[in-house]
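For the protein sequence lines, the chains are U and F, in the order given. Those letters in the first sequence? Residues 23 to 674, by the working numbering. Those letters in the second sequence? Residues 23 to 674, by the working numbering.
By construction, these hints were calculated from the structure, which means they are not laboratory data. Hints are supplied without guarantee of correctness; some may be wrong.
Pairs involving identical chains hold if they fit within one copy or between any two copies, as the list cannot separate such chains.
[Stated by the list, open to error] Below, simulated DSS-like cross-link-like pairs (lysine-lysine); rule was C-alpha separation at most 25 angstroms, straight line:
hint : residue 1 : residue 2
1    : Lys580    : Lys150
2    : Lys185    : Lys365
3    : Lys229    : Lys575
4    : Lys361    : Lys537
5    : Lys150    : Lys65
6    : Lys580    : Lys537
Number of protein chains: 2
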Amino acid sequence: MSKSRKFYLEDIPLDEAWRRFITAMESSGAWARVPGEELPLEKALGRVTAAPVWAALSSPGYHASAMDGYAVRSADTLGATETAPKRLRIGPERQAEYVDTGDPIPSWADAVIQIEHTQNVDEGAAGKFIEILASVAPWTAVRPMGEDMVATELVLPANHLLKPVDLGALSGCGHATVSVRRRPRVAVIPTGTELVTVEQAAQSGLKSGDIIEYNSLVLASQVRQWGGEPTRYPIVVDDYERIRDKVREAAATHDLILVNAGSSAGSEDFTASIVEELGTLLVHGVAIRPGHPVVLGTVTDRRTPIIGVPGYPVSCALTGEIFVEPLISHWLGLPQREKPGLKAVISRKLLSPMGEDEWVRVTVGRVGKRTVAAPLSRGAGVITSLVRADGIVRIPRFSEGVEAGQEVTVELYRDPADIDRTIVHIGSHDLCLDILAQYLADDGLLFSSANAGSLGGLTALRRGDSHLAGSHLLDPSTGEYNIAYVRQYLPSTPVVVMTFMHREQGLIVAPGNPKGIRGLADLARDDVRFVNRQRGAGTRVLLDYHLNRLGMKHEEVKGYRREEYTHLAVAVAVQSGAADCGLGIAAAAHALELDFIPFEKERYDLVIPRIHYESPLLKPLFDLIHGPVLRKAISDLPGYDITAMGNIVIEL
Amino acid sequence: MSKSRKFYLEDIPLDEAWRRFITAMESSGAWARVPGEELPLEKALGRVTAAPVWAALSSPGYHASAMDGYAVRSADTLGATETAPKRLRIGPERQAEYVDTGDPIPSWADAVIQIEHTQNVDEGAAGKFIEILASVAPWTAVRPMGEDMVATELVLPANHLLKPVDLGALSGCGHATVSVRRRPRVAVIPTGTELVTVEQAAQSGLKSGDIIEYNSLVLASQVRQWGGEPTRYPIVVDDYERIRDKVREAAATHDLILVNAGSSAGSEDFTASIVEELGTLLVHGVAIRPGHPVVLGTVTDRRTPIIGVPGYPVSCALTGEIFVEPLISHWLGLPQREKPGLKAVISRKLLSPMGEDEWVRVTVGRVGKRTVAAPLSRGAGVITSLVRADGIVRIPRFSEGVEAGQEVTVELYRDPADIDRTIVHIGSHDLCLDILAQYLADDGLLFSSANAGSLGGLTALRRGDSHLAGSHLLDPSTGEYNIAYVRQYLPSTPVVVMTFMHREQGLIVAPGNPKGIRGLADLARDDVRFVNRQRGAGTRVLLDYHLNRLGMKHEEVKGYRREEYTHLAVAVAVQSGAADCGLGIAAAAHALELDFIPFEKERYDLVIPRIHYESPLLKPLFDLIHGPVLRKAISDLPGYDITAMGNIVIEL
C-alpha cells in the first residue's frame, strides 16, 4: 500500500491514454456492450435495442379497407360510370358490404369503392341495393395484410435508439416489450475535506475554505444525459482508507467509477495510489488542457474501469465529455456522437500550450456574413465559461496556436440555428445589459455579451466581431462622451450612437467607509489600496481624466496596476478586503451592500453600425428600448437615469 | 348536441389553421408560458428555467490558492532567483504558509508561490523556514473571490434549457433548488371500438378486424420527448357520450387534449361534434398530407385547447410534430426546434397533391459526391415509412411537384453524421441483407436498403443513387445471371460483380398445398389465383423466362397483374388467402410456415461500382462477406447456399 506522496505526473497523449484504457478493458471483458433487459414499450423511449426485432404479427393483420365505402368484387363493378351506374345488392348473396376505414373486407370481396362514388340506397322487396358510379380495379382502396410489416420481417436493428414512432412500430407488429441495453452504472465519488453540499451552504452559509461540492452533480447529470445510470455518493473526506474502501465498494456494482478530485500529484491526491493498490494504474496525467491530471485504471478482481477526474470544475466537466461519454456510447452500442461543426474566425490570438491538446471555450456569433468565435476565460475554475460557451475549439498539440482572424472549427454545444438568433454585444459591462437579455429571451432571442471595456467594444465593431458595443468613453478635451472615440475607431463605418441610460460612477468602499475616503485625492494615501479596471475600460478612462485634473500621477495610487474586468469584480475586491476602494457604478456597490461615494453621472451609449441597426435581428432590442417595460425595470435599479434612453446622439 | 353525420371536411391552409388556434389560445390565456415549480438541482436536468437566476454567493467565496504552494506577501519575494534564493519564515510572525490548491490564502498574504519554486525546508532554533527561488507579482496564483461568479450577478437567463454544467454553476453560487417550468400536461385519449392493446394482442392474439392501438403510445412518447407530461388514457369505444365525458374530464386537469382517431367526417368520427358541443370548433380539416383530417378547438369553461388527431399512424405522428411539438416548446419558453436541413437530390419524380402541403418521408444516402433522398411509401398507414425515414421533404401546396434529380431540402430526423456512415443498397430484396445489416450495425454502420427489384437496382446505380445493388437477373438467351444486364445498364461504369449466395426459388402455396399445385403449368388453371412481383424484379424475369419456355401466355395466369414488392408480401398474400400461389424464395415460405415447391436455385449477386468497391465505407461489408460469422448465419437459414459467397463473377 502506497500512501507516499508523488510529485510525478505524466503527459500521455490523449490517443495513447485511450489506447491503454481500451486495451485493458478489452482484456478484462469490460469493453463488451452492456447486456439487455426486457422493458414494456412505455418505458423504452430513448433506450437502445439490445437485439434486432422481427415482426411477431403482420400489420395490418388482414386485408383492410383504406376508405369508408363498400367492399365489392371488382369484377362486379366493370362498366359502371356516373351516367351508367350499376346496382349492387347488400345483404344475402351480397355484392356489396359497408366498411369503415380500417375494417376487414369480407373474404368474397377484392376491392373497396369509396362512399362518394355510391348513391341511392334503395330498399325494396328485392332487398337492399346501392348504385355505384365508377368501376374499381382489383385491390383498389384495400390495404393488403402485411402492407406495413409482415410477420418475421426485420423491424428494427440492434443498437437502435428508440424514437416514438419506433415504439409504435414495435407495438403494431405484436411486441408488448422490447429488449434494450441496461443503462451503464456509473459511480460518482466526490472526495475532499473542504467540501460541503449546496444544501448545507444554503442553510448555514459558508466558512472561509469551504467549497460547495457540485462536480458530482455535473458528472452524474452528464452520465444521465448520455444514457447511463449514475450513483452519486456522499462526500468522502480526504482519507486514503475511506476513499479506498468506497472505491472497492463501488467496484462491485458499477461499470465505471469516477473519483472526483485527488487525481493530481499533491499531498492529498490519493486516487493514483488507490488505483495502484486496488488494481492497475494505466495513466496518470494526460496531455490535454484543461484536464491534465486524469487517472485511468482498473480496480479489484472485477477489473472495473476507474477514472480519477480532476477537481477544477471545467477540467471535471471536460473529462466527462472526453472520457465518459464515449465509453457510455460504446457500451450502449451507439455511435460516438459528434457535435455539429461550424467554421468561424477566431476573434483574438490564442497561444498554443506546449505539447498539449487544448479545449478552448468560445461564444459564437453571426455578425453580418462573418461567423465569429470569441474565446472565453481559459481558467479551469471558471464553470461559467462552460455555461456561456456556444462551443469548443480544439487546438491540437504542437500546433503553432491560432492567429486572430484565422478560421477554426467550433464543435457546437448548441443547435446551429441558435447562433442565428444571437445578438452579439462586446463592450462595456453594465447590469442593464443582463436585464435587456432577459426581455430578449422572452422574444426567443439570445444576447451574448462579452465584457471587453468600451474601447475593446469599438475595436470589436471595427473587426466586425459584434453587432453593437456599450460605451461610456469620456473625451477629456470636450467632456463629451463617445463621439470622438467612435470617429477615431470607426472612421469609415456608418454608425448610430444611441443613449442607453445615464448612471452614477463613484468610489466603492467597505460598509461604513472605515478608511474615511471622501474623494479621489484620498487614493494617494499610503493606507488606501485601490483596485483598478483594465486598460480600455471607460471607467479607467474616467479615472485617468480625473487624476489628471487633480494633477495626480498613477504611481501615487497604490493598486493602480491591479486590474479587474467588471464593476462587480471591483466591488468584490473591496468586499473581500483585498482593496479599500475602487471606481465603479452605484449598482455594483449596492448589489454587494457596500458604501458608495458618487462623483459623476455618465452617459452610457450603444454604438451600432448602421447595417446592424437596420437588421431584423436587432429590431426587438430597439423595440424594448423604446417600450415601457425595460424602462421601468431599469429605473427601478439604484443609480440609473433613463431620461435619455433611446435618444439618438449622432449618426455618423 | 349534434351527433349528426357530417361529410364535410375543410381544407384550411396550415398557417391559417395555426393562426386560428393561437388566436383562440391568446384570448383565453392558454398561450401563456406554463408556470414555474421549484425543484432540487438533481431533478432539474433538461428542464427549462422559469426565471432568471442571480448568484446567491460569490464563487470562489474567498481568495483561493490556484496551486499547491506557499502563500506569501509578494513584496517579501522581491529579488528572489534560483541563484539568490530568499528565506521566508513559517510559523509565528510568519512570511509563508503552506496552502493546497483551493485553500484560502491568509489575510496577510497577496500571492502564492508554487511549491516547485521553493526548497530546503529548514527547521532551526529561529523557527521554520523555506527558501524561495523566484519572486512573484501581487495576486500571482490566486483565484480572487468571485472570479467565477459574484453574488447578485446573472448566472442563467429565463427560458434556458438546463445542461449538466448549468446545474454545477447554480450549485456553485449557492442555489440548492431552481425554478423550472412545470411540464405541460397533455391528455392522450385513444378511441375506437376495433382497438385492442398490444398486451391483449400478445396474450390472446388478434381477431380479424382487431387493430392494435399504438398511436397513443407514439403521441405520449412524443410529448415526453418534447418536455411534456403525458397522461395516456385507456381505450374508449366509439360512443359519443363516453368520449365526450372523457374529454370533459381531461380538460379539467390538462393543458392540451389529444383525441386520437374520429377526427375525420365518417359515421363514427365524433371529435368535431364533441368539440362543437363542449366549446369552439376552430378548424376541421387542414390542407396537409398526410394528416388532413385534423380538428382544432377549445373545450369547456377552461377553454382547454384540443386537437383531433387522425387515426392513420403516419398522419398521427406527423400531427404530433406539426401541432403538438411547437405548442409544448412555446409553453416551455424554448425556441421552435428546427431539424437540421440537408440539400439532396430526389431519386424519383414526386407529383404534388393539389393544394396541400405534403410531407414526404425519405431515406438519405451519401453516394460519392451526391446526396440522394429516396422517397419511402406515401401510405399514411405505413408506420415503418417513418421508422425508416432519415428525414422529411416538404412539398409546398401549389408547387408543381419535384422532378427526379431536382434538389430538395431534407429536414433530418438523424444526426447529419449518420448519413456519412450509411451504406445505401437499392435493388432486389433478400432476407440476407437484413442479416448483413445486423452485423454492420455492430460495426457502427447503417445499411439502408430499398426494395426496387433487380432492374431497379441497376438503374439506381446508373443514376448514382446507391453504393450497390443486389441482383438475380436471368439472361434467357444464355441462362447466365446478371452479366448481360450489367453490361446493358451500366455500359460505361467500371463495376465488380460479386456473388452473395445462391437461393431456392419456387412456388409458395398454402400449408398442405390444398389446390394440389405442382408446377408453373398449374398457373393456367381457372381455380388458381397467382400473385406476381413487380416489373423489374428478378423473380418476375425468372417467371417470364419459364412461362415462355412452357409456351404459356401472361393472360393465362390469373393474377399476373397483381404485383407485390417483396417475397414476404407474396407469401402473406398466399397466407391470407388473397392468392393461391406466388413465386418466391424458400426463406419467405418458411418464415410464414407455408408450403414451398422448389424449382430453381438461382445466383444472387452484388453489383458494385468499382469506386464504391474500393471505398473505406464499404470495406467492413466485404470483410463480413469474406469472414466466417455472416456465412454461418446465412447458411443456417433454409434455402440458401453460401458455397460461392464472395466470389468475383466478373470485373467490368
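For each hint, the structure was consulted:
no.: 1; hint: Lys580 x Lys150; verdict: neither (107 angstroms within a copy, 32 angstroms between copies)
no.: 2; hint: Lys185 x Lys365; verdict: between (31 angstroms within a copy, 24 angstroms between copies)
no.: 3; hint: Lys229 x Lys575; verdict: neither (39 angstroms within a copy, 96 angstroms between copies)
no.: 4; hint: Lys361 x Lys537; verdict: neither (54 angstroms within a copy, 60 angstroms between copies)
no.: 5; hint: Lys150 x Lys65; verdict: neither (51 angstroms within a copy, 65 angstroms between copies)
no.: 6; hint: Lys580 x Lys537; verdict: within (14 angstroms within a copy, 108 angstroms between copies)
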